[in-house]
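Participant: Listed below, chain by chain, are the residues.
Number of protein chains: 2
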Amino acid sequence: MTTLRELTSDDIEAIAIGAAILGTGGGGNPYIGKLRCQQELKKGNRVQIIGLDALDDDAFVVSVGGIGAPVIGIEKIEQGEECLRALRTLEEFYGRKADALIAAEIGGGNAMEPLLTGAQAGIPVVDGDGMGRAFPEMQMTTFSIYGKSSVPAAIADEKGNVVIYREVLNELWFERLARSTVIAMGGAAGSATAPMSGRYAKRAAVPDTYTQALGLGNAVLDANRRHVNPIDLICAREQGVRLMDAKITDLKRHLRGGFAVGEIQLQGVGAYAGETGTIALQNEFLTFSRNGTIEVTVPDLILVLDLDTGHAITTEILRFGQRVAVVGLPSHPLLRTPEALAVVGPAAFGLEGVQFTPLARAGDGNV
Amino acid sequence: MTTLRELTSDDIEAIAIGAAILGTGGGGNPYIGKLRCQQELKKGNRVQIIGLDALDDDAFVVSVGGIGAPVIGIEKIEQGEECLRALRTLEEFYGRKADALIAAEIGGGNAMEPLLTGAQAGIPVVDGDGMGRAFPEMQMTTFSIYGKSSVPAAIADEKGNVVIYREVLNELWFERLARSTVIAMGGAAGSATAPMSGRYAKRAAVPDTYTQALGLGNAVLDANRRHVNPIDLICAREQGVRLMDAKITDLKRHLRGGFAVGEIQLQGVGAYAGETGTIALQNEFLTFSRNGTIEVTVPDLILVLDLDTGHAITTEILRFGQRVAVVGLPSHPLLRTPEALAVVGPAAFGLEGVQFTPLARAGDGNV
Numbered sequence: 000m001t002t003l004r005e006l007t008s009d010d011i012e013a014i015a016i017g018a019a020i021l022g023t024g025g026g027g028n029p030y031i032g033k034l035r036c037q038q039e040l041k042k043g044n045r046v047q048i049i050g051l052d053a054l055d056d057d058a059f060v061v062s063v064g065g066i067g068a069p070v071i072g073i074e075k076i077e078q079g080e081e082c083l084r085a086l087r088t089l090e091e092f093y094g095r096k097a098d099a100l101i102a103a104e105i106g107g108g109n110a111m112e113p114l115l116t117g118a119q120a121g122i123p124v125v126d127g128d129g130m131g132r133a134f135p136e137m138q139m140t141t142f143s144i145y146g147k148s149s150v151p152a153a154i155a156d157e158k159g160n161v162v163i164y165r166e167v168l169n170e171l172w173f174e175r176l177a178r179s180t181v182i183a184m185g186g187a188a189g190s191a192t193a194p195m196s197g198r199y200a201k202r203a204a205v206p207d208t209y210t211q212a213l214g215l216g217n218a219v220l221d222a223n224r225r226h227v228n229p230i231d232l233i234c235a236r237e238q239g240v241r242l243m244d245a246k247i248t249d250l251k252r253h254l255r256g257g258f259a260v261g262e263i264q265l266q267g268v269g270a271y272a273g274e275t276g277t278i279a280l281q282n283e284f285l286t287f288s289r290n291g292t293i294e295v296t297v298p299d300l301i302l303v304l305d306l307d308t309g310h311a312i313t314t315e316i317l318r319f320g321q322r323v324a325v326v327g328l329p330s331h332p333l334l335r336t337p338e339a340l341a342v343v344g345p346a347a348f349g350l351e352g353v354q355f356t357p358l359a360r361a362g363d364g365n366v
Numbered sequence: 000m001t002t003l004r005e006l007t008s009d010d011i012e013a014i015a016i017g018a019a020i021l022g023t024g025g026g027g028n029p030y031i032g033k034l035r036c037q038q039e040l041k042k043g044n045r046v047q048i049i050g051l052d053a054l055d056d057d058a059f060v061v062s063v064g065g066i067g068a069p070v071i072g073i074e075k076i077e078q079g080e081e082c083l084r085a086l087r088t089l090e091e092f093y094g095r096k097a098d099a100l101i102a103a104e105i106g107g108g109n110a111m112e113p114l115l116t117g118a119q120a121g122i123p124v125v126d127g128d129g130m131g132r133a134f135p136e137m138q139m140t141t142f143s144i145y146g147k148s149s150v151p152a153a154i155a156d157e158k159g160n161v162v163i164y165r166e167v168l169n170e171l172w173f174e175r176l177a178r179s180t181v182i183a184m185g186g187a188a189g190s191a192t193a194p195m196s197g198r199y200a201k202r203a204a205v206p207d208t209y210t211q212a213l214g215l216g217n218a219v220l221d222a223n224r225r226h227v228n229p230i231d232l233i234c235a236r237e238q239g240v241r242l243m244d245a246k247i248t249d250l251k252r253h254l255r256g257g258f259a260v261g262e263i264q265l266q267g268v269g270a271y272a273g274e275t276g277t278i279a280l281q282n283e284f285l286t287f288s289r290n291g292t293i294e295v296t297v298p299d300l301i302l303v304l305d306l307d308t309g310h311a312i313t314t315e316i317l318r319f320g321q322r323v324a325v326v327g328l329p330s331h332p333l334l335r336t337p338e339a340l341a342v343v344g345p346a347a348f349g350l351e352g353v354q355f356t357p358l359a360r361a362g363d364g365n366v
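Going down the list, the protein sequences come from chains V and B.
When we follow numbering that gives the first Met the number 0, the leftmost residue of the first sequence carries the number 0, and every step to the right adds one.
When we follow numbering that gives the first Met the number 0, the leftmost residue of the second sequence carries the number 0, and every step to the right adds one.
Hint data in this document are derived by calculation from the structure and do not stem from the laboratory.
You can take every hint at face value.
If we take Cβ atoms under 8 Å as the criterion, some of the chain V residues that face chain B in the derived model are:
1) G159
2) N160
3) R165
4) V167
5) W172
6) R175
7) L176
8) S179
Sample of chain B residues at the chain V side, in silico, Cβ under 10 Å:
9) F92
10) P151
11) K158
12) V162
13) E166
14) W172
15) M184
Just so it is clear, CB atoms sit at the ideal spot from N, CA and C, and this is done for glycine as well.
So that you can see chain V by itself, here it is in the shape it has in the complex:
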């Protein structure tokens, strides 16, 4: 639990590694965001996180992040103040300055955007987020699931265009309208969404996820420094389940409706020799099967890590022959309620007939 913590350049390095792991294959690359945050520190600005418990009930909290296809984010580099302009627009709309920012998703590049914008605006970022991982669509946040509309929301591009979503019929309409604007803007933009009270953030945010990303990143860095196996360290600190060590033997991956969808075939190695595995993906990893039987599904986290370094292997850099460790992490209870499963459970990803069977924490029985 953080009250108010100043992040160092090393902390930001570790958070970027941890955020990539929590991206479960998606969420975009935190690399450029990390460099930008470190640059803010060099300018003398502060990157701060604040624990949910330390937040005033009446605090005005805004979610900021990049919106658009991650692949475009790599080629169309941000001007760097898109999210800040979106934030300023919402502040103007409410006639009130934000007291803190919050990430919609801790997984991948969008973990870095609030830190960057917070440094620019001089306000802290809540230690928590709306997914506890990455998901492909904007309505898949606990903010939205537990009743906070994403609007009023603002979207800003690098050219100076700023659009406000004042009212939407529902969250799917917000996703549709905002997506069409972002495409017209060139495919990537900054957003400020889901303005909420500190009280609501305490109720609906997945807590302590920056601390979690920081710990995960430090575990990887530490293991690599000490030449010990990072997978064991990661599983130990997260009560994660080591599902399989394997070699990627086949890979189907194509674009459908703007998403990378496909399947990875695995052949167990070491202690897992003789087993086969399959991972289905839609930007993020959706299910893990062993010998043809599904063992883990969304919203639980399926991590595909480099077997030697422990770094995340994201959907776009998967390739034949890679040696990986597949690790399962139980999702936060906020993602396992009936309301949440309707939005982020297997059926929400079109996996008809697949039941969500919660993965137990390692050591709690199960698996």
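Given chain V, work out where chain B should sit, using these hints.
Facilitator: Just chain B, lined up with the frame of chain V:
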């Protein structure tokens, strides 16, 4: 010049006829808007127009109108309060109620929207507009040409979605972003744009165009009642130039980039027997040529009227064999300045090498 005038159901009937004529082939059909305005009168609401001279310099004036392809407006009938919701959103944004509304284009269906919204909101509509006719794109208004940005602007659909354009790089970006949103909304929506002062409206609006539409419509109705030729009456009251009476002998019309583009071939009849004519079109009529030589171009108005009834024949109802009168009306001086010609002159419609030669009012020499 109107100070404040209450419109009757007959006035609205006449304005719809006149607005269709000023649409120069485009602008959409005023029919549904007319019925809605007449319905407001039956409910006891008032439809009022106010002269530019009677407007306070500090009045808060907002332009309202439908946005989207006219052809969709026919099939996807408005819920009826789209523009009102867009207006209310801008009022909320400014923390100020509008004192009057103004039409972006008097030509076609968008002449009726401000009258409808004004009746709903209980405020008058300025006797003037931003085009003095119809043009296909949103940036082609005198408001925009003389320096008033279209934003902040709001767009509302029939489902309850409302989007605000807070800042745009330029008017073309507004057109692009708003267009993409309207397409996502289903192709048609209501807009509130170009919030301006009474002072600016007096400087930049094409004046007295509701009075003009009313007079044109009454001329048509009067001629039909008295069984006299409506074309002569129209030309007389507008100092219009009767360019040709003709039969449509060929018609090329196709969709390109969301616009109806094409060409009409004419064979002169009566006093014009032996002459040929050509009209190029892009939603609206762009040029009129006689025997291969261009005589009239945008921004001057080229009207294609039913030779017997004087009613406008719009681009979508043109057909082979129709007997028409082609009439030229000089455009307002505000459309003939170098700034205006850069946006609504021949070159702006891709007519390379075509010079704008102003049509003189009938009786002033020329033609």
